[in-house]
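Keeping their order, the protein sequence lines are chains A and B. Residues 1 to 344, numbered by the UniProt record's numbering, are exactly what the first sequence covers, in order. Residues 1 to 344, numbered by the UniProt record's numbering, are exactly what the second sequence covers, in order.
Hints listed in this document are in silico derivations from the structure and should not be mistaken for laboratory results. Fair warning: there could be bad hints in the mix.
Claimed, not checked - Listed below are the simulated DSS-like cross-link pairs for lysine-lysine, each with C-alpha atoms no more than 30 angstroms apart in a straight line: (1) K7(A) - K213(B); (2) K116(B) - K23(A); (3) K116(A) - K7(B); (4) K304(A) - K185(A); (5) K188(A) - K225(A); (6) K185(B) - K34(B); (7) K271(B) - K250(B); (8) K34(B) - K225(A); (9) K7(B) - K188(A); (10) K6(B) - K72(A); (11) K72(B) - K34(A); (12) K7(B) - K213(A); (13) K225(A) - K306(A); (14) K116(A) - K116(B); (15) K126(B) - K23(A); (16) K230(B) - K7(B); (17) K209(A) - K116(A); (18) K271(A) - K306(A); (19) K6(A) - K185(B); (20) K6(B) - K6(A); (21) K23(B) - K116(A); (22) K116(A) - K213(B).
One-letter residues, chain by chain:
2 protein chains.
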Amino acid sequence: MEKEVKKTDIGNLGEFGLIERIKDSTVTRNPGTKKGIGDDAAVIDTGSNLMVVSSDILVEEIHFDLSFMPLKHLGYKSAVVNISDIAAMNAIPRQLTVNLALSNRFSVEAIDEFYKGISSACENYKVDLVGGDTSSSTSGLIISITAMGEVTQEEVTYRSGAKENDIICVTGDLGASYLGLQVLKREKAVYLANPDMQPELSDFDYLVKRHLKPEARTDIIHELKEAGIKPTAMIDISDGLASELLHIAKESGHGLNIHSDKLPIDDLSFKTAEELNLDPTTCALNGGEDYELLFTVDQNDYEKIKYLPDITLIGYITAKGGDARLVTNTGDAIPLKAQGWQHF
Amino acid sequence: MEKEVKKTDIGNLGEFGLIERIKDSTVTRNPGTKKGIGDDAAVIDTGSNLMVVSSDILVEEIHFDLSFMPLKHLGYKSAVVNISDIAAMNAIPRQLTVNLALSNRFSVEAIDEFYKGISSACENYKVDLVGGDTSSSTSGLIISITAMGEVTQEEVTYRSGAKENDIICVTGDLGASYLGLQVLKREKAVYLANPDMQPELSDFDYLVKRHLKPEARTDIIHELKEAGIKPTAMIDISDGLASELLHIAKESGHGLNIHSDKLPIDDLSFKTAEELNLDPTTCALNGGEDYELLFTVDQNDYEKIKYLPDITLIGYITAKGGDARLVTNTGDAIPLKAQGWQHF
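So that you can see chain A by itself, here it is in the shape it has in the complex:
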């Protein structure tokens, strides 16, 4: 007779609950391991500079839809997603390994297209593809990438470093990738209903590009260095601004206020959100896949940061133990809510 085994649904834990659970049961033994689970990347002391390491897995039908994602873009984006995590440590990306599992419906030419995208990202970000593994899969395409980067002991930036009164900054604009995805999904539905209809995407070029071919903000890492600014905390925006703000609040132990009227949202995002009956602020807060950088700087850096292009000041770090809040146009302060994946 089999004994009754307790079975808890993973959905009950959620992504962040699962990470916490793994983190809590993990001990580190090597003095070189400076930071394990719990930031954008692990940090390894190699004896001279630090090496930062980040790894992500992307699954067909969960993270991407090949019916509107060309394989070359997918290769590019898979690399970028990991390079973005390296940038979020204030580090310079250096190497990548790429693991693939794919079913026999993929041809050699299809794999070539994917690697052309990887290669193009490697060229743009001066990163080297140094290894990986390829296997068959029983269904679909799974991509697992590990990125490595380099940073000095002085410059490495953790989520935990934010302190009271620090200024909260974000690069680029938010919500466009999410809206691009909604447009792609709508056109796919139209096409499936009537294959003679051609997709009308030209009006949404910017949004679609933000979704299919995002860029990592390594330019900002260089810009901040040149301006003599060392962020106190940094994270990249993959799950959405609100989720990343909550990580910074939690890891630093501080509250924060951001102002909804300061959120950088592109005009086309506003217009498209309206067309799709979506709230542009919610898209900016919870859309995700922006791959912009969210970071905090000391008040003393205000004069330096305010003139830098493509960086928006959206709020402040508040006292220890405080809440993470969104201050609305009407002056109400409402608590931010977390979003991780909930795809179980």
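With chain A's structure known, arrange chain B on it following the hints.
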């Protein structure tokens, strides 16, 4: 009208053909990248020691069968497979990242079991779990692990370093993991045909353990260091001895001879191969998943190596451009044949 696109089946290329194709289209740009695609691990110069990085992907139904592979063992083995690649560079394993994609048939308790195995391997090999990612999948379990290790500039060992007259050595014994898998498959078939039958595995303990819970030979790395032996070339045996010998031959540009009567095969492997109508030499040459180390040493190290326990001398490196050959008991020298996965 869609244009005709050429589609070549991946099976035509095979694993090694695919790796060559990716390698050939890859350039490296960072001076820190000492070795990219083409060895057990990539090698990164961090300014003091070298960091070696290896990454593997394991797919349910392709690489493992959960009907006889407990999740804890699977976690352990997944870590070991990657740690073994680090050992094959003559390096000390230090860190791991673990990416998982899993369907909702896995419970939180199942994931806990898997991570218990990872954790146990981390403890045994003094390795730190430093990061990773977890995602849902539409079917089955996919595991992608990246291992990192440390080695000095002087001690790093590549596949390419073998030279004429070097002695070819192998650790442990070969073929047992493959035979263990055959036994497990046989018992599974019996069970499926008649669920009242209990599996009879106790006679095959050693073989089954070699398959379900292999170990990486980091002990040999320490032993060789202590004995003052620096291997000229090294590789771990994952695809089978013959395949790994061909890698050393190809990368070093030399031929080699190994002797079939020298191959280390356990008595139980002999007996079981006979019972299953398999040739024990073929199991040792092509079985794979032994995770033993195959390495070459200079003739001058003969006196040092011959007394080391658990190391067998199986042959010699021959002249540049020669063939990789197996010398049989009858004195015939037959060319070795490659085996990679062919599961597309």
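Checked hints:
Taken as a hint, the K7(A) and K213(B) pair is honoured in the structure, with Cα atoms around 25 angstroms apart against an allowance of 30 angstroms. Simply put, K116(B) and K23(A) have alpha-carbon atoms about 12 angstroms apart, close enough for the 30 angstroms limit, and the pair holds. At most 30 angstroms may separate the alpha-carbon atoms for a hinted pair to count; K116(A) and K7(B) meet this at roughly 16 angstroms. Note on K304(A) and K185(A): the hinted pairing is violated, with a Cα-Cα distance of about 41 angstroms set against a maximum of 30 angstroms.
Our distance criterion of 30 angstroms between C-alpha atoms is broken by K188(A) and K225(A), whose separation comes to about 43 angstroms. Between the alpha carbons of K185(B) and K34(B) the distance comes to roughly 42 angstroms, so the proposed pair goes past 30 angstroms and is violated. Using a Cα cut-off of 30 angstroms, the hinted pair K271(B) and K250(B) is violated, with the two alpha carbons roughly 34 angstroms apart. Of the pairs offered as hints, the one joining K34(B) and K225(A) holds, with about 27 angstroms between alpha carbons and a cut-off of 30 angstroms not exceeded.
Our distance criterion of 30 angstroms between C-alpha atoms is met by K7(B) and K188(A), whose separation comes to about 25 angstroms. Under the criterion of a C-alpha separation no larger than 30 angstroms, the hint pairing K6(B) with K72(A) is consistent with the structure, at around 16 angstroms. Note on K72(B) and K34(A): the hinted pairing holds, with a Cα-Cα distance of about 27 angstroms set against a maximum of 30 angstroms. For the suggested pair K7(B) and K213(A), the alpha carbons sit about 25 angstroms apart, so the restraint of at most 30 angstroms is met.
Straight-line distance between C-alpha atoms of K225(A) and K306(A) comes to about 15 angstroms, which keeps the hinted pair within the 30 angstroms bound. For a cut-off of 30 angstroms, the pair hint linking K116(A) to K116(B) is broken: about 38 angstroms separates their Cα positions. A C-alpha spacing of about 17 angstroms is found between K126(B) and K23(A), which places the hinted pair at or below 30 angstroms, so the restraint holds. The straight-line distance between the Cα atoms of K230(B) and K7(B) is roughly 46 angstroms, outside the 30 angstroms bound, and the hint therefore fails.
A threshold of 30 angstroms between alpha carbons decides the hint, and for K209(A) with K116(A) the separation of about 18 angstroms falls inside it, so the pair holds. With a C-alpha separation of about 27 angstroms, the suggested pairing of K271(A) with K306(A) holds against the 30 angstroms cut-off. The hinted pair formed by K6(A) and K185(B) meets the criterion: a straight-line CA distance of about 28 angstroms does not exceed 30 angstroms. The straight-line distance between the Cα atoms of K6(B) and K6(A) is roughly 51 angstroms, outside the 30 angstroms bound, and the hint therefore fails.
The suggested pairing of K23(B) with K116(A) holds, with an alpha-carbon distance near 12 angstroms, which does not exceed 30 angstroms. A threshold of 30 angstroms between alpha carbons decides the hint, and for K116(A) with K213(B) the separation of about 38 angstroms lies outside it, so the pair is violated.
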